[in-house]
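Trainee: Residues per chain are reported as follows:
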Amino acid sequence: MSSDQNKPRQSIYDSTAPSTDTRDSRIGEGADDRFNSKLREAFGSTPFILTKFDKFMNWVRGSSMFMLQFGIACCSIEMMHTYAIKHDLDRFGAGVPRASPRQADVIIVPGTIVSKFGPRMKRVYDQMPEPKFVVGMGSCTISGGPFQEGYNVVKGAEEIIPVDIHVPGCPPRPEALVYGIAKLQERVANGESSPVVVKPYELEQFGDLPRDELVQKLADDIDEDDLVMRYNWADSP
Amino acid sequence: MSTGLEPRRQVGTAVETTEEELAELIGDRALSRDDHKNAPGFVIRPDEVQDVLFDLRDEAGFDHLSCLTAQEYEDRYESIYHLKKYADPTQEVSIVVPTTSDEPTSQSAEPVFRTADWHEREAFDLVGIDYEGHPDPRRILLPETWQGHPLSLGYNQTKPQVVSLTEHANPIQPDQKDAESDTMFLNIGPHHPATHGVLHIKAALDGETVVDVEPDVGYLHRCEEQMCQQGTYRHQIMPYPDRWDYVSAGLLNEWAYARVAEDLADLEVPEYAQVIRTMGAELCRIASHMLALGTFALDVYGDFTAIFQYAMRDREVVQDILEDLTGQRLMFNYFRLGGVAWDLPEPREEFFEKTRDFLDELPAKLAEYDDLITGNEIFQIRCVNTGILEPEVAKQYGCTGPVARGSGIDFDLRRDDPYGYYENLEWDVVTEDGCDNYSRVLVRMQEVEQSAKIIEQCLDLLEDWPEDDREIQSNVPRTLKPEADTETYRAVEGAKGELGIYIRSDGTDKPGRFKIRSPCFHNLSALEEMSEGEYIPDLIASLGSLDIVLGEVDR
Chain A
1 MSSDQNKPRQ SIYDSTAPST DTRDSRIGEG ADDRFNSKLR EAFGSTPFIL TKFDKFMNWV
61 RGSSMFMLQF GIACCSIEMM HTYAIKHDLD RFGAGVPRAS PRQADVIIVP GTIVSKFGPR
121 MKRVYDQMPE PKFVVGMGSC TISGGPFQEG YNVVKGAEEI IPVDIHVPGC PPRPEALVYG
181 IAKLQERVAN GESSPVVVKP YELEQFGDLP RDELVQKLAD DIDEDDLVMR YNWADSP
Chain B
1 MSTGLEPRRQ VGTAVETTEE ELAELIGDRA LSRDDHKNAP GFVIRPDEVQ DVLFDLRDEA
61 GFDHLSCLTA QEYEDRYESI YHLKKYADPT QEVSIVVPTT SDEPTSQSAE PVFRTADWHE
121 REAFDLVGID YEGHPDPRRI LLPETWQGHP LSLGYNQTKP QVVSLTEHAN PIQPDQKDAE
181 SDTMFLNIGP HHPATHGVLH IKAALDGETV VDVEPDVGYL HRCEEQMCQQ GTYRHQIMPY
241 PDRWDYVSAG LLNEWAYARV AEDLADLEVP EYAQVIRTMG AELCRIASHM LALGTFALDV
301 YGDFTAIFQY AMRDREVVQD ILEDLTGQRL MFNYFRLGGV AWDLPEPREE FFEKTRDFLD
361 ELPAKLAEYD DLITGNEIFQ IRCVNTGILE PEVAKQYGCT GPVARGSGID FDLRRDDPYG
421 YYENLEWDVV TEDGCDNYSR VLVRMQEVEQ SAKIIEQCLD LLEDWPEDDR EIQSNVPRTL
481 KPEADTETYR AVEGAKGELG IYIRSDGTDK PGRFKIRSPC FHNLSALEEM SEGEYIPDLI
541 ASLGSLDIVL GEVDR
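Residue numbers (full-length UniProt numbering), protein chains in the order written: chain A, 1 to 237; chain B, 1 to 555.
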């Protein structure tokens with residue numbers, strides 16, 4: 001191997017400014033200044049890059065994800081640590097949490113989902129614009145975790161919304177969550193999506209439920225048009 | 001090993017009420033005695049509840065309704081009112097109110113103690129006892145449309161349930177406005193950055209003034225009591241307390257279970273283990289108060305970039321130390337009945353050095369917080385004289401911990417009902433008389449200093465502890481089966497206040513009834529008193545200063 005090959009590129013040892021040698025020799029003297037944007041200087045040799053639009057969009061999506069600020073239970077403490085000093089999720093382009101679901105791309109579900117909260121989480125998820133992604137954080141969002149046998153606990157976030165990445169742990173360490181997010185970014189950049197493996201509980205109008213014993217009993221308390229979620233505990237995994 | 005320090009005794013002002021005096025006071029109203037391990041118990045008729053409680057409160061000075069436990073037996077329902085004195089919590093009495101299985105109706109204690117309001121709603125919700133004369137007999141933790149009472153006998157968990165979304169009505173909808181006045185109904189939460197989790201607050205506003213506020217809890221009710229009733233005493237229950245107050249206060253919560261179970265089964269804890277417990281618990285208190293401080297600054301200034309991050313930075317250090325000690329960052333599961341799981345990490349010198357480094361840097365950091373927070377004029381304008389909670393009101397609502405101490409109530413179970421190694425150490429109980437949001441923040445910041453003082457003394461003790469005397473666990477039987485129908489209620493000073501547990505054993509290796517007395521549940525119920533008539537931003541500040549954690553409110 002010649003020593004030239006081992007030498008770093010000129011741009012690294014000389015100066016940090018973008019190299020324009022190739023471009024200059026191609027365009028020659030007197031080229032139109034209009035094309036000399038910052039971006040073009042960055043690309044160097046040619047004003048064009050060739051890629052598929054889908055691929056480009058996926059790369060953009062994966063590299064700039066807006067998280068929803070969404071705290072449920074214990075895991076949200078570790079999630080806060082992931083956002084904060086030391087672990088600093090922002091380094092991975094998965095940024096500062098957004099307070100409104102309408103601005104968010106990714107929802108991290110950090111905790112146990114109970115019957116009363118299920119419909120509300122579904123609503124928050126529905127309010128997010130497409131395309132949207134879900135990271136389930138901790139054992140509770142996988143199966144109900146240590147509370148699985150509870151009378152009030154939904155056995156995993158997937159019973160209500162589709163989940164792209166499961167991060168196991170009780171709670172997962174911040175490093176584990178960072179890894180989960182990085183994996184999600186990788187999948188998004190590759191344009192992969194996750195199959196929905198569980199038929200989720202839906203929000204339905206009360207009037208549309210089959211008229212079984214329970215529905216008859218509640219008929220006085222709930223309006224026909226009210227949205228409800230019906231939990232069939234016996235069918236839960 | 002002796003520390004050379006005299007155990008500090010409380011300078012109690014409370015008049016001691018002997019058992020004979022109690023028996024005389026209750027007189028014929030006591031049908032029989034049902035003594036618990038922690039306190040004398042008197043069985044009374046369900047229509048004399050108010051009568052007896054009024055007498056106990058006004059004549060014997062039992063001004064603290066610590067807890068209300070409801071349970072169903074094969075042949076009856078039972079409500080137990082655990083009473084204490086704020087001036088001396090070692091004086092306790094239990095009032096047992098049995099009702100028949102067919103018609104479980106008991107008189108409400110709400111006129112005597114405001115805090116009975118939420119307690120009796122919970123008892124109705126989970127066990128199914130009706131309280132006559134209750135101002136607001138609704139479910140509290142489970143959805144309104146829930147069928148059955150899950151902690152009653154014969155509840156079928158596999159039956160389907162329907163939960164509605166109507167509580168989430170759009171506040172701008174015309175039917176939410178009262179046509180006569182111009183008040184507006186506003187939903188805050190259950191998913192909202194300022195509610196510290198999944199709390200739903202229904203607020204009615206007149207302009208910017210809060211005229212009515214009602215916290216709606218239960219969005220994180222994950223059946224902690226049921227989980228603990230399904231676990232065996234020895235190992236299966238200890239992981240759950242970590243998850244009640246999950247703001248890194250794990251060891252403080254574990255101590256609540258350790259204390260009650262050790263009391264129930266008469267277990268000894270070696271002195272060395274007590275010192276480790278004390279040190280670990282105070283580290284947890286620091287971590288917990290740091291988060292309270294950071295999120296409070298977030299609530300009041302919306303400051304995510306400076307103070308919040310500083311607080312998280314300091315928490316990281318504490319969590320590192322705790323991880324070295326226990327092996328986990330957040331859910332420690334480190335206490336065992338009769339001691340702790342293992343000794344300090346080797347090499348011990350390294351652990352001592354790391355912890356001392358943290359303690360050495362702490363005063364400078366606290367000075368920084370003082371500059372940033374308590375010395376800041378904007379902060380003072382927001383917090384001084386807002387969210388007033390008068391001591392008498394706080395007692396009515398059963399407030400404890402920094403919330404009570406910020407209202408000038410000198411109540412700290414570490415000193416007043418000593419456990420662990422606290423009584424051999426030099427430290428002070430911090431109180432502030434301001435009764436406002438500012439005082440509560442000050443109390444927490446000063447408690448961090450006191451905790452640091454305690455940890456330092458523990459480190460000194462541990463460093464000099466003779467090597468052949470480092471017993472971390474006493475001899476505990478493999479299977480614990482406390483005698484049937486032993487009942488006890490024991491509390492410790494958690495990060496948020498009096499964290500108590502009631503256990504009734506039924507002769508098996510699992511508890512017959514496991515009831516958690518959560519300090520946040522009581523503190524949150526006082527929100528109404530603190531924020532009505534104030535501006536809506538002050539409601540958010542008051543909520544932040546209560547430092548609630550929904551895992552513990554809902555359990």
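Check before you lean on any hint, since a few could be wrong.
To be verified - Pair ranges (Cβ atoms, derived):
no.	chain 1	residue 1	chain 2	residue 2	range
1	A	S63	B	N475	54 to 60 Å
2	B	A306	A	P129	39 to 45 Å
3	B	E471	A	A99	34 to 40 Å
4	B	G408	A	P129	46 to 52 Å
5	B	G408	A	K86	58 to 64 Å
6	A	Q216	B	I378	55 to 61 Å
7	B	N475	A	N190	19 to 25 Å
8	B	P40	A	R123	48 to 54 Å
9	B	A306	A	Q216	28 to 34 Å
10	B	N475	A	F92	36 to 42 Å
Hint data in this document are derived by calculation from the structure and do not stem from the laboratory.
Backbone N, C-alpha and C define an ideal beta-carbon position, used for all residues, glycine too.
Trainee: Look at each hint and say if it fits the structure.
Mentor: Each hint tested on the structure:
Here the CB-CB span from A:S63 to B:N475 is close to 59 Å, well matched to the stated 54 to 60 Å. Between B:A306 and A:P129, the C-beta spacing of about 31 Å breaks the proposed range 39 to 45 Å. The beta-carbon spacing between B:E471 and A:A99, approximately 51 Å, falls outside the hinted interval of 34 to 40 Å. Take B:G408 and A:P129: their Cβ atoms lie about 51 Å apart, and the range 46 to 52 Å holds.
Take B:G408 and A:K86: their Cβ atoms lie about 38 Å apart, and the range 58 to 64 Å is violated. Hint check: A:Q216 to B:I378, Cβ distance near 57 Å, so the stated range 55 to 61 Å holds. For the pair B:N475 and A:N190, the beta carbons lie near 58 Å from each other, so the given range of 19 to 25 Å is not met. Taken as a hint, the range 48 to 54 Å holds for the pair B:P40 and A:R123, whose Cβ atoms sit roughly 51 Å apart.
Under the hint 28 to 34 Å, the C-beta atoms of B:A306 and A:Q216, about 57 Å apart, miss the expected range. As the Cβ distance of B:N475 to A:F92 is approximately 50 Å, the hint placing it in 36 to 42 Å is violated.
Checked against the numbered hints listed earlier, the structure breaks hints 2, 3, 5, 7, 9 and 10; every other hint is satisfied.
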